[in-house]
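Asks: These are the residues of each chain, in order.
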Amino acid sequence: MKIVLVAEYRDGKLLGSVNELIAFAGKMAADSVMFLVGSESALPAYEGKLYLGDVGVCGEFNPEVHKALLLDVIAREQPDMIVFSHSSYGWDLAPRVAYALKAAQVSELVDVVDGALVVPVCNGKLRRNVQVKTGKTVVTLQAGAFGLAEAPTGTPAVEKITTVSAGRLEFGGYEAAEQGGVDLTKAEVIVSAGRGVGKPENVAMIAALAKALKGEYGASRPVVDSGWAEHKRQVGTTGQSVAPKLYVACGISGAIQHLAGMKKSEFIVAINTDKDAPIGEVADVLVVADLKQFVPLLTEKIQAL
Amino acid sequence: MKILVCIKQVPDMESKFKIAAGGTWYDPADLAWRMNEYDEYAVEQAVQLKEQVKEADLTVLCIGSERVKETMKKALAMGCDRGAHVADDNAAGKEPFEIAGIIAEYARDKQFDLIFTGMQSQDRGSAQVGVLVAEMLSLPCITTIVHFAYADGRIEVKRELEGGMKALIKAKTPTLVTCQLGLNTPRYPTLPNIMKAKKKELVSIPVQDLLKVEARQETAKMYFPEKKGGGLVLEGDVGQLADRLIQILKEKTGVLA
Numbered sequence: 003m004k005i006v007l008v009a010e011y012r013d014g015k016l017l018g019s020v021n022e023l024i025a026f027a028g029k030m031a032a033d034s035v036m037f038l039v040g041s042e043s044a045l046p047a048y049e050g051k052l053y054l055g056d057v058g059v060c061g062e063f064n065p066e067v068h069k070a071l072l073l074d075v076i077a078r079e080q081p082d083m084i085v086f087s088h089s090s091y092g093w094d095l096a097p098r099v100a101y102a103l104k105a106a107q108v109s110e111l112v113d114v115v116d117g118a119l120v121v122p123v124c125n126g127k128l129r130r131n132v133q134v135k136t137g138k139t140v141v142t143l144q145a146g147a148f149g150l151a152e153a154p155t156g157t158p159a160v161e162k163i164t165t166v167s168a169g170r171l172e173f174g175g176y177e178a179a180e181q182g183g184v185d186l187t188k189a190e191v192i193v194s195a196g197r198g199v200g201k202p203e204n205v206a207m208i209a210a211l212a213k214a215l216k217g218e219y220g221a222s223r224p225v226v227d228s229g230w231a232e233h234k235r236q237v238g239t240t241g242q243s244v245a246p247k248l249y250v251a252c253g254i255s256g257a258i259q260h261l262a263g264m265k266k267s268e269f270i271v272a273i274n275t276d277k278d279a280p281i282g283e284v285a286d287v288l289v290v291a292d293l294k295q296f297v298p299l300l301t302e303k304i305q306a307l
Numbered sequence: 325m326k327i328l329v330c331i332k333q334v335p336d337m338e339s340k341f342k343i344a345a346g347g348t349w350y351d352p353a354d355l356a357w358r359m360n361e362y363d364e365y366a367v368e369q370a371v372q373l374k375e376q377v378k379e380a381d382l383t384v385l386c387i388g389s390e391r392v393k394e395t396m397k398k399a400l401a402m403g404c405d406r407g408a409h410v411a412d413d414n415a416a417g418k419e420p421f422e423i424a425g426i427i428a429e430y431a432r433d434k435q436f437d438l439i440f441t442g443m444q445s446q447d448r449g450s451a452q453v454g455v456l457v458a459e460m461l462s463l464p465c466i467t468t469i470v471h472f473a474y475a476d477g478r479i480e481v482k483r484e485l486e487g488g489m490k491a492l493i494k495a496k497t498p499t500l501v502t503c504q505l506g507l508n509t510p511r512y513p514t515l516p517n518i519m520k521a522k523k524k525e526l527v528s529i530p531v532q533d534l535l536k537v538e539a540r541q542e543t544a545k546m547y548f549p550e551k552k553g554g555g556l557v558l559e560g561d562v563g564q565l566a567d568r569l570i571q572i573l574k575e576k577t578g579v580l581a
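These protein sequence lines map, in sequence, to chains A and B.
Here the numbering used here is used: the first residue of the first sequence is 3, the next is one more, and so on.
Here the numbering used here is used: the first residue of the second sequence is 325, the next is one more, and so on.
Since the hints were made in silico from the structure, they are not lab data.
Just so you know, these numbers come straight off a predicted model, no measurement behind them.
Some hints here could point you the wrong way.
[Unchecked claim] Stretches of chain A that chain B covers, calculated by requiring three or more beta carbons in the stretch to come under 8 Å of a beta carbon on chain B:
{"hint": "1", "region": "124-130"}
{"hint": "2", "region": "220-230"}
{"hint": "3", "region": "289-299"}
For glycine and all other residues, C-beta sits at the position ideal for the given N, C-alpha and C.
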């Protein structure tokens, strides 16, 4: 089997997800080549051929141009599979490439079992095995699903590539993430509010429990999107990634984007009315209870210690 | 201006799921159905654009059985002008390429200036349909938007990237955008608008009139992920639960020391 790995480069840096692509190639026991629109000054540790588009010419965000470059590489290499990260870059570019190749795309792969491509359904509550009917397959990999035990080594054999195509989208630069006074990554205890808190007033009881545990309070994406907590408190892929001594997830179902931001915590307690919520997958203790009754009582008892 | 917004009806994600006979999808029985969350932001943005430009016609499209009409009525009550219901009792069995093919076939000769979709559905979560529709119609496409502005045939959007960073992107219409959570604040339909929505056009089109492509993949099997085990599940009286949890925190973590 031959595969093309599509690495990512953003804001002047090669993204670390390249190691997950390399791990995937290893798991598939496949011959691989790599594709990157990046810079010679930030090459991945990779033993193999790297087709390198010049980011200075092609731009960091220019999916139509990146597509044209990648299609040239695919035409030369004739791979069986084209592998992206399931990221803002990957899920944007992969369907464009799949369409041009008349290939099936399987999104957010979490595993490959006996040749079956395994993907999550309904926020990770279910899984399904996918059978592909096309010669070439495009896949995107769920962040963290394929890891390496140790960092890869090697120096890629670089071949520079160019294209004459131009894109129709105009990239106007980046806007930095909101900066705030709360650095959740330094907190030893984080108590986070999820959609299950029900209403904005209830965020206060989560904050009170955090205070009783001498920690900070965080929030899941729906709580931030609803304006119940500030973005600087958001835990997950689009917020902060944390690994405190204790993480208490209150009314958080456990969407993969949230899990990716907190599953490395040393000890995880989940409080949820839904026993089957995916947060249970990573929790050391799952308390099946109504937050509004349980959290104030727990806070009171901790304060009394 | 002609605007299309594509929506999907999905189960409430808090539902208790069961695998359907056949073993390739979840059982649709006994589930509460609602509009895909990402699509609520798409509908809201489409309605805001219509309100901004005044002279606009906004169509909401949804593929599915009779059941999805309830969700379409919500979109109409939020402010869409007309509904295009693609009648298909096996929408759940169709993969993203087929769904995109149906939408593109519907939109092909209608000269939409803007097409809005959610960035993904909550059940399948492929994040492919919007991009594929754009490719099929040769439209520019911007995914995962968290900010949208329109003026004089041009749009300016922000794409959400990992870590809270955003990319600023401009494009000319016609174009397609896929909407991320938090793009706006979806409105609740008011009672008068719910009543008005009942009189709006809601046309059903048989799926076979629009399905011109073949599936490129299929689901071989659907199942529940294996519980990794190790996690302790505590249930019962809240007072006792709190005491037990405190005991566990004392034993397993240093935070109550």
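Asks: For a quick check of understanding: which of the numbered hints are violated here, in increasing order?
Replies: none
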